[in-house]
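Given next are the chains, with one letter for each unit.
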Amino acid sequence: MPPKEKVESTEQVLQAVILADSFDERFQPITLETARCLLPLCNVPLISYTFEFLAVAGVQEVFVFCCSHSDKVKAFVKKYEKSSNMKINTIVSQELMSVGDAMRELDAKQLIDTDFILVTGDVVSNMKLDQVLEEHRARRQADKSAIMTMVLKKASPQHRSRSVGDGSLFVLDQGSKECLHYQPVKAFKSTREDRRMTMNMEIFDKHPEIQLRNDLIDCQVDICSVEVPALFTENFDYQDIRADFVHGILTSDLLGKTIHFHEVSDVYAARVRSTQMYDAVSKDIISRWTFPMVPDSNLQVGDCYEYRRGLVYKEKSVVLSRTCVVEEKVVIGANTQIAERAVLSNCVIGKNCIIGANVKIDNAYIWDNVVIKDNCVVQHSIIANDAVLEQGVTINKGCLISFKVTVGANTTVPAYSRLTALAEGGEDDLDAELISDPAVVGATGRGRSFTEAEGSDDEDDDEDPKNKQVNMLAFDMSELKLAAKEQEDSASDFESEASDLEEDQISPEEELDREVAATLDRAFQDGHDVDIAVLELNTLRMATFSNFKEMRKRVIPGVLKHIDPVAKLGSGKTAKEILSRWGPLVGKMIHDEEDQIDGAHVLHRACATLYRDVVQAQKVFAPALRYFYDEDILEEDAILEWYHSEKSQQGTDIEKKLREVAAPMIQYLEQSDSEESDGEDDEEDEDSE
Amino acid sequence: MSKGTNDLVDILVAKLKRRQLVGSSAVAQATLKLLIVVISKNNWSKANDLLNLVRSVGQRLIEANPTELAIGNIVRRVLHVIREEFRDAEASSKSDDNSEFQSVPLTTSSSMYNLLSETGSDDKEFTHASSNLRSDIIQEVRDIRIELDTIYENIKNQATNHIHSNEIIMTIGRSRTVEEFLKMASSKRKFHVLVAETAPSYLGQQMALELSKAGIEATMIPDSAVFAVMSRVNKVILGTHAVLANGGLVAISGTHMMAAAAKHHSIPVVVCTGLYKLSPLYPHDEDSFNVVMNPDAVLGFEEGDLMEKVIVTNPYYDYVSPEFVNLFITNQGGHPPSYLYRLIVENYDPNDHTFDPLA
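Chains as they are written, first to last, in UniProt numbering: chain A, 1 to 689; chain B, 1 to 359.
Bear in mind the hints are in silico, worked out from the structure with no lab data behind them.
Here are the simulated DSS-like pairs of lysine-lysine, each with C-alpha atoms no more than 27 Å apart in a straight line:
| no. | chain 1 | residue 1 | chain 2 | residue 2 |
| --- | --- | --- | --- | --- |
| 1 | A | Lys360 | B | Lys309 |
| 2 | A | Lys144 | A | Lys257 |
| 3 | B | Lys17 | A | Lys351 |
| 4 | A | Lys373 | A | Lys316 |
Computed list of chain A residues with no C-beta within reach of chain B, every gap over 12 Å:
| no. | residue |
| --- | --- |
| 5 | Arg26 |
| 6 | Ala75 |
| 7 | Arg137 |
| 8 | Gly175 |
| 9 | Asn235 |
| 10 | Arg341 |
| 11 | Leu434 |
| 12 | Asp513 |
| 13 | Asp531 |
| 14 | Pro584 |
| 15 | Tyr629 |
| 16 | Gly651 |
Just so it is clear, CB atoms sit at the ideal spot from N, CA and C, and this is done for glycine as well.
Construct all of the structure, not just a fragment, from the sequences and the given hints.
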């Protein structure tokens, strides 16, 4: 009998694509033996959370892309499909190296015929996508070029659920919900490109209001239209969906496609991208931020967790001894036994584990069938299935202990160790014998320290190794040791940065200086009309939002500069000739009495600074003042005002001497002034007579 | 079980686990609908077969969401009906050949008679199958469905007996039963309702809005003011998520505080509830039927620094012990908490309190 549920027949089947592979090596050596998406997160395989998220969104058909350990993923999916009412197809392709490859494969196989949800196999979220889907469809109806909607979640930049080093900067238009620019942000910005962001200026023309956001968790849940895989095929160099695809689409003028976003705030969404995120997301699940995806919802068939106060989740079949202490935030899987005086806090313990007496476990993730014997201490680490810790083992923080490793009695495993029981090159050669390293796992142990294969990461060779470190479990920023050389490097980086600044960033005043000088030089060389020069200067003044005062400060010295005090008459460079030709230019910069006083001051200072020699300065200053007076550019009141002002009486020796030069003229002016008034008086007297 | 019904059970289980289906009323309706299909579409001949079938379905549904007690209640009601029908069929077939005067054990547990008799003797009788038994049972289950549909009607018709003119009524949260009850009363009487806003879900805000739309004089008060204004209140009327066997309530968080304030001021507390919310289970600890929600409503996820340092619990329900409640108004009338045991024996069979398969 078919299900009686009403299926929205008017709409097409809602499809989703899960990229089950992460295309990186952050979980090695654990991921050498199983697929990333099958790692247990709070005792439930990671991909189950993604399936659950999609099932709630109403997805009916899912395509799972997997590459490494595809047989395991396939087996799991087959089992899962039975208990879900979704159709799940697994697509295996060994050549997949990146998201881009998967999308091209999708396009080649023509599996998708409508808008679909694109997620990675490590998304944990309780959001409901119906509203996002609705928005996306409405946008598509209105505008066919809106090809993608990204779902972004707001969270402060230092939030624990933000993957350190996978930050991103979004430029958004809140009005049209359009994403305008995207840039990934690294944790350690070692190169200059990392520290900078280049944006197309056209964005400002088209959008009156934009936001630059760094407070968004990008959980890579996208609603894509059918064009998206096709665009990946067209641009065969696109690898990453964000750094290549989104960035590429937004910076390309040719495609004319737009990408939109949907911001969510009161729901949970995060990706388990690294061991550090594994830690954070586990804690979020235990703290119930992902509700209803919490252990006591028992989403996995056969689970039977109960919630207890203090965020403790326990299966019914767990055996707790009388004196063991289960502190807060603990998940304990089925059939696990905890012996006397063991102390558990902030940890997840899988199924069928045996925890010995006096064991202390803090912040650790212990998977299924692990045996931890008496007096062990485990801190902030991941211990995979079937591992054994003999008596008295201490595991320091940040360790990854892979499948079936045995750590011998009384061994201390140093922080950030990665142990595997897989033989060297064991991935390809199953017969290779494991050579245990007694220095690492103790005399009776089984396992070796894992080192990343050389050249495995050739693409990222240029990447700062620190950026990898920050993603590690229990990574502490304060522990990052900078080698002396690195410090030098970074210091010189800053220096070069500083010199860059000088070059590139010029203050507007300096800019004006340069421009005025250039304009005057041009005018002198090409023999422009005064009017034309004035026009140019005025345009310049308006363009730089400056005033006449600023212009006088530059124009007067600019003109005086061309006077050669020692030049002979007729050379065209004497004070008189230059002034008679270019004086009116200065006149155009002076309008009222205040301007005149200021002009006198500027003239005074300019002469003093332009010429080192007092005699030369005097030779220029005296005629210039005279000329300006004769031409009524500076009127007598202004000159007197200047002469008597305190400002002109102070200053350097040259300035003082120049003022003295003006003394006879001042005397004359004052005399003529009084004579005039005397004359007037006389006239009046005569009249009266 | 046939594959079709199995699929239906799976769908409902998934919905319950994902909390796409929540709320006593919706859950009860869905459970009953499913059980009707299970009974009618599967082959069974003996009583025990049918009982075990219904029990196994019930077990799966309850495990999917153990806090929705209404699922278990409905399953138990159906089991009770099945037992009754078999007993009736048995009795009628016996009465056919025996004299009419033979006493018939009508209900098993409500009489002292069965207390001393051997248990399990009933079950043997249930092996007999009758031709029209299936239709009889389905008819009886349909009656439960009708009862569910008319619950609000039956409860609200009692409103004018309890609410008088110019009274001040206080309530909390948004309960459809209470809403209908008050609206019904407002058609004849004029009274004032104070609604606590019910943080962090703020369902009280919606409630106040709905009441004022219906022309009732409603005032919303912050939860912190409940105690302060309680002395002026004439009656507290509450809705509930479930009623436990001892008369305790599992109701929206804040209810306990309101009930305790009412007790302090000796204000009567009245609980409006459908009978399907009455569970034969006892609370063995206060948290047992609670749901702890996403802490987001209490402390925003954005506050990253804080959320690592504190444990925020956001329980959705309160447990209110029976001494705080004065009266239950159900679709069968008003009952004091001490009378609930009687309703339980009338509606449920004591063998069905757990769903372990019958021998």
